[in-house]
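**Student:** This is what each chain is made of:
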Amino acid sequence: MKIKQGFILRKCGEADIVVPIGANVEKYKNIMITLSGTSRMLWEQLVKGCDEEALVTLLLTTFEDAPEDVVRADVSRFLKTLAKAGLLDE
Amino acid sequence: MPKLYMAGLVMDVCHDNPILNRQIADYLTDKDPDFTVDLDRSYIEKEIEEEVRNDLAFPPSYSEYLAIYRFIATKILDYDGFLMHGSAIAKDGRAYLFCAPSGTGKSTHTRLWREVFPDTIMINDDKPIIRKLAGEYLACGTPWSGKHDLDTNVSLPLRGIVILARGESNYIERVRPETVLGLLFNQIFRPSQDEAYLKTIDLVSDMLTSVPVYKLYCNMDKEAALVAEKTLSNN
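As you go down the protein sequences, you meet chains A and B in turn. Residues in the first sequence are numbered consecutively from 1, following this note's numbering. Residues in the second sequence are numbered consecutively from 1001, following this note's numbering.
Honestly, I wouldn't trust all of these hints.
Now the in silico label distances, taken between C-beta atoms and shown as ranges [claimed, not checked]:
(1) Thr1029(B) / Ala83(A): 53 to 59 Å
(2) Gln45(A) / Arg1022(B): 54 to 60 Å
(3) Asn30(A) / Val1175(B): 17 to 23 Å
(4) Asp89(A) / Val1052(B): 47 to 53 Å
(5) Glu1136(B) / Arg72(A): 44 to 50 Å
(6) Asn1219(B) / Leu88(A): 42 to 48 Å
Calculated Cβ distances over 12 Å to all of chain B for the following chain A residues [said to hold, decoys possible]:
(7) Ala15
(8) Trp43
(9) Lys48
(10) Thr62
(11) Gly86
(12) Leu88
Heads up, simulated DSS-like pairs for lysine-lysine below, C-alpha to C-alpha not over 25 Å straight-line [stated by the list, open to error]:
(13) Lys29(A) / Lys1003(B)
(14) Lys1199(B) / Lys27(A)
(15) Lys11(A) / Lys84(A)
Since the hints were derived computationally from the structure, they do not count as laboratory data. On a predicted model such as this, the values are computed, not experimentally measured, just so you know. We put the CB at the ideal spot given by N, CA and C, even for glycine.
With these hints in hand, go ahead and build the complete structure from the sequences.
**Tutor:** The following block contains the structure:
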């Protein structure tokens, strides 16, 4: 999976926001994407391209105490959100 | 052709636009221009295309009037300024910008301020320019101020951005800007070039580190202005 081309990550205050650029401007003009610290980690991996398993592993190694089932559910939900917004290339 | 002084800048406007001409008496100057506004036909055609896309049909002079401001709103980024949709007023030298989706009642609320506090200055009822000057963000009056043409040629320090929502009773609270970014960015003029837009985002981001953001739930009673002013003037 990979984030579609034409998005830039930008700091805005304490938030990270994803800004559509170029041809994406018209298409995504009503969407505002803000990322929390954790989702920013996932986003950065997805910009490079990775599979769901790699994201789960990343979070489990970063947050050692996090229960695996919760992490899996969170990653899956995050990916669904991105897919629903049309941001992912399979 | 008129030379206008606004937002601390002089602009030489090379257009004899009847709508603009009606509203610029307080903005005329003889000083040397910081930049020139001389749009070719294609720029104005683009404005008309945009209007057609949005199901709007304006007379040509109105399209030109809007195209001039669109150009200024992009050019002013070079001077750390940007255009934000909202009703900007000032009291006691402190400017406040009220933002909300169209139809929520921004102008109605700022009219209440003018009724309750007669010393309220209407900076720009619809599309003020916000400009960073000497480390401070100023709300600036311009002669593009919406359907009621309410504006004053002043630039005053912005002391609060207020997101307006209708409520049964009147209540104001400070909010973390991160929680209202979507709404805020919807009110900010987006230049068509990516580079210019990214600069806009960085300016807005910087502004939010020093200008507090509030959420105001209000009805149309005069009490709404009293409640808002009490909190806003205390920061």
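**Student:** How does the Cβ-Cβ distance of Glu1136(B) and Arg72(A) compare with 44 to 50 Å: does it lie in that range?
**Tutor:** With Cβ atoms ~49 Å apart, the hint holds.
**Student:** Does Lys1003(B) lie within 25 Å of Lys29(A) when you go C-alpha to C-alpha?
**Tutor:** violated (35 Å)
**Student:** Can the suggested window of 42 to 48 Å be confirmed for the beta-carbon pair Asn1219(B) and Leu88(A)?
**Tutor:** holds (44 Å)
**Student:** Would you mind confirming whether the straight-line C-alpha gap from Lys11(A) to Lys84(A) stays at or under 25 Å?
**Tutor:** holds (24 Å)
**Student:** Asp89(A) and Val1052(B), beta-carbon distance inside 47 to 53 Å?
**Tutor:** Hint violated: Cβ distance 33 Å, outside 47 to 53 Å.
**Student:** Starting from the range 54 to 60 Å, see whether the pair Gln45(A) and Arg1022(B) falls in it by beta-carbon distance.
**Tutor:** Between Gln45(A) and Arg1022(B), where Cβ atoms are some 56 Å apart, the hint holds.
**Student:** Per the stated criterion, does the least C-beta distance between Gly86(A) and chain B lie above 12 Å, as a non-interface residue requires?
**Tutor:** Gly86(A) clear of chain B: closest Cβ-Cβ about 17 Å, beyond 12 Å.
**Student:** Is the nearest CB of chain B more than 12 Å from the CB of Thr62(A)?
**Tutor:** holds (22 Å)
**Student:** Just checking, Lys48(A) versus chain B, shortest CB gap more than 12 Å?
**Tutor:** Given that every Cβ of chain B is farther than 12 Å from that of Lys48(A), nearest at about 21 Å, it holds.
**Student:** According to the definition I'm using, a residue is off the interface if its beta carbon is farther than 12 Å from all beta carbons of the partner; does Trp43(A) meet that for chain B?
**Tutor:** holds (16 Å)
**Student:** Looking at Ala15(A) again, its CB stays over 12 Å from all of chain B?
**Tutor:** Nearest chain B Cβ is 4 Å from Ala15(A), so the label is violated.
**Student:** Regarding the assertion that Leu88(A) does not contact chain B, is the least Cβ-Cβ distance greater than 12 Å?
**Tutor:** Per Cβ check, Leu88(A) is outside 12 Å of chain B; nearest 21 Å; holds.
Hint violations for this structure: numbers 4, 7 and 13, all remaining hints satisfied.
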